[in-house]
Amino acid sequence: MNQVPLSHILFVSAALFFIGMYGLFTRRNMITMLMSVELILNSVNINFVAFNKYLYPDKLEGVFFTLFIIAIAAAEAAVAIAIIINLYRNFHSIDVEAADEMKF
Amino acid sequence: MSASAVVFYMLAFFILATGLLAVTSRKIFRSAIWLLFSLTGIAGLYFWLQMEFIAAVQIVVYVGGIVVLIIFSIFLTQQSGKDLPAPVRGRPVVSALLVCAGFVLTCLLLRQYAFRPMGQSVAGAGAGNMGVDASVGNIGAQMLSTSEHGYILPFEVISILLLAAMIGCIVIAIKVKPEEK
Amino acid sequence: MPNYAFIVLIPLLPLAGFVVLGLFGRRYFQRFSGVIGTALVLVAAGLALWVAYGYFFDWGKLNGAYRPIIALDVPWLSFSRSLSIDMSIVLDPISVMMIVVVTFVSLMVHIFSLGYMKGEERFATYYAFLGLFTFSMLGLVFSGNIFETYIFWELVGCSSFLLIGYYFDRPTAVAAAKKAFIVTRFADLGFLIGILILSFYAGTLDFRTLIQRFTEPGPQLASITSASFLGISLLSWGLVLVFVGGAGKSALFPLHIWLPDAMEGPTPVSALIHAATMVVAGVYLVARLYPVYAYSGPAVLQVVLYVGALSALLAAIIACTQTDIKRVLAYSTMSQIGYMMFALGTWRPGGEATGLGYTGSMFHLFTHAFFKALLFLCAGVIIHRVHSNEMKDMGGLRRLLPLTHGCFLIACLAIAGIPPFSGFFSKEDILLAAWHANKFVYGIGLFTSGLTAFYMFRLYFSVFWGRRLREDGGRPEREDSGRALRNAGGHHEEAPLTMKIPLVILALGALLAGLVPFSRLVTYDGRPEETHGVGAFAIAPVALALIGVLLAAYLYRKESDRPAKAAAAFGGLYQFAYHKFYIDEVYSFITKKVIFNLIGRPAAWIDRNIVDGLMNLVATLTAKISAGIKGFQSGKVQDYALYFFAGIAGLAVLFIYIYT
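Protein chains in written order, with my numbering: chain A, 62 to 165; chain B, 881 to 1061; chain C, 1319 to 1978.
It cannot be assumed that every hint is accurate.
[As the list claims (entries may be wrong)] 20 angstroms max Cα-Cα, derived SDA-like pairs, lysine to any residue:
hint, chain 1, residue 1, chain 2, residue 2
1, A, Lys120, B, Thr1026
2, B, Lys1055, A, Ile146
3, A, Lys164, C, Ala1895
4, A, Lys164, C, Arg1349
5, B, Lys1055, A, Phe152
Everything labelled a hint here was simulated from the structure, so no lab data went into it.
Turn these sequences into a full structure, and let the hints steer you where they fit.
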């Protein structure tokens, strides 16, 4: 662990974050968008844990943040699925391009 | 290059590769599975960082809960065997560009800063103090303590949030039966 | 008379009439408006006569010469201390004479119209317009500032337009009004350019200062005579252009085309505007600037001379062939104005009868007002009775309209120049001046006076002599005299009293106006001159006039085919004159083929495609850009996410690297 500098871990999390963003921008299916969001949240988690381990070894704040984020992410995923199901009932498709009524 | 470094790099590669596959795969079910693998990889990373509790929570909640939920919703809403439609023309290019730009920006920022530990310095390889032990007992005690570094309030709030989320999901997804005359 | 301010009432009273009758006349006093208008002009005429009496016989003279008196001077628009447009009232011999003429003839026309226009639906509007015209004309003659003259000039043109087009539901009247306005406006362009040239070099717009600067050697005169354009000095250009403006208003060749068509207006209007007052405005203008013309622009005076003479001759020839009574009178007017104009052109510095042309011109203006107005009003009575303008529909009216017959005869004798009627005296002066200046022009004048007598008496004999077939003077064979028959109804008297009184008064004027010692009152330098006696010189014109009368009697007194044979004898010339020398056709050709095609169409194309196109381009561009921007709000979440992230990244770069 000590041989891997903190910045490497941060690189990994940053890369994961941007991969998640790419997925968010590109994917047409709402569920796959949700998956990308989960990736983003996970990258943040990695950040917290890494900072906690490397910079503040005598504290546990990072751990708590991570725990709470995981819990909230779960709740959010559930709500998102509910919304997706609702949208599916209205538009009969979970293509995010189909829900574009709020335009000019 | 010690063994743990090698492990780390392998884990890192695994996470990123499966993450990339998750966002680019054309079949939705495979995408979900790649996500599953990515999340498991992240759990492995936590294990490598010696945060076992977090790793366990990750597996139980994320992998076992959220990914399953996603898979259920895939089944609920469409045939999973079909190919996903291609992204809108031009968007992959633009987003790839933007994302790469963002990544480069972040890396540049990271390089500028020397991250110096604020608490006790970590010295030596594999030896010395690990600081506080992130064991379940410690975590639990701190989470439920009411003293200065206690997290009891967020704990309670988050339980309310989970309750609200549950109710909200039911309300949003409920099918209103038509009135029978 | 120390206080002259009341003189401003003379033009303002008719203006008040215009305002009151124009605003309220139609609703509140439709029938009473005639009386109101007449009363106002009556007061104005009284004031004018009083001023004239005072000026000429009491306080006008200084050191033995009539001097110009500035009665009122209100600076209106000052461009600089020296160059300003003032509203001023100037009294000098010609302006005082003109106000008497204008108010008097206007008064006669007002009274006459009480009877002539009775029962007309827009009676109040008619009187309002008459008031406007009277105001404008009075303002014009009073003005001491050349730009003020221009303002009133345009106002006169505007009132003329309104009055010619009075019967606006007749397309011919509308066309005539437009033609008058456009032709005079076109001439006024020359006038304006002339004003600009003259006032630029003189550095002033005031008449007195301008004349002074251009007649005495000084820097302004030197600069304007040295500057030249196309080889002619700018002074000549300015004077010629001002003359062009005057020629348009006075219907001289070739800008005369509007005058015959202007007869579409009511007959009293023709009497006022197109006989006595407006058409002499051009002559008046040249007379106003006469010192400049005389001392500094003798070449321009040649132009004036020949244009006037040519107009006089041309109009007389055309008048011999016309059959519409008002058209004959219109051409007669043009001819007489030609006389007035070429009289002004006969200036020869130093020599016998130096200022005689000026005096003769003004005298003829004075007498012409009387007998021409009388002629038109008589024509009005005739037309009112016969309900037609054509000479073919009239005949033997002398027993039916005895008073009109007498007055018409007096007027014809006056215009023919038979002594002792007024026209004789004024024409004598003119011909004498022409004799001393230019024998050729004298010859033209002489011949024209013979023609004048001929065509006027042709008119007289055709209308009042010859066969009378019906009680009402109409001829039964013509289809439209059926209308005359139906309207004959209770027409047993000649004309109402309001129409007879002006005839009598004007006839008296035509008789007696020649006795006014004009040369003692109105001369080019204000110094009274003795009236010279009428000598052997008068024999030639009078003899020629008598020959004209006899010839007309021979041809027209009885119904016969002699006129037709005479017309056939002249053949082509007759046809040419009958069609007014095809000048209208030439104008029509030039405007339609040349101006419209070469200038009008390209201009319209530029306006439509380039000017409008530019605007359309701007609009289209805006619309396209807007549509493009509109696309940003596509309703797609991922697009928004992209924009959001791009913005954040941009801001991050901005704040981290650039604004550290």
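Verification of the supplied hints:
Distance hint between lysine 120 of chain A and threonine 1026 of chain B is fulfilled; the C-alpha atoms sit about 16 angstroms from each other, no more than 20 angstroms. Under the criterion of a C-alpha separation no larger than 20 angstroms, the hint pairing lysine 1055 of chain B with isoleucine 146 of chain A is consistent with the structure, at around 10 angstroms. Restraint check for lysine 164 of chain A and alanine 1895 of chain C: the C-alpha separation of about 79 angstroms exceeds 20 angstroms, so the hint is violated. In summary, the hint linking lysine 164 of chain A to arginine 1349 of chain C is not supported, as the alpha carbons are separated by about 70 angstroms, beyond the 20 angstroms threshold.
Between the alpha carbons of lysine 1055 of chain B and phenylalanine 152 of chain A the distance comes to roughly 15 angstroms, so the proposed pair stays at or under 20 angstroms and holds.
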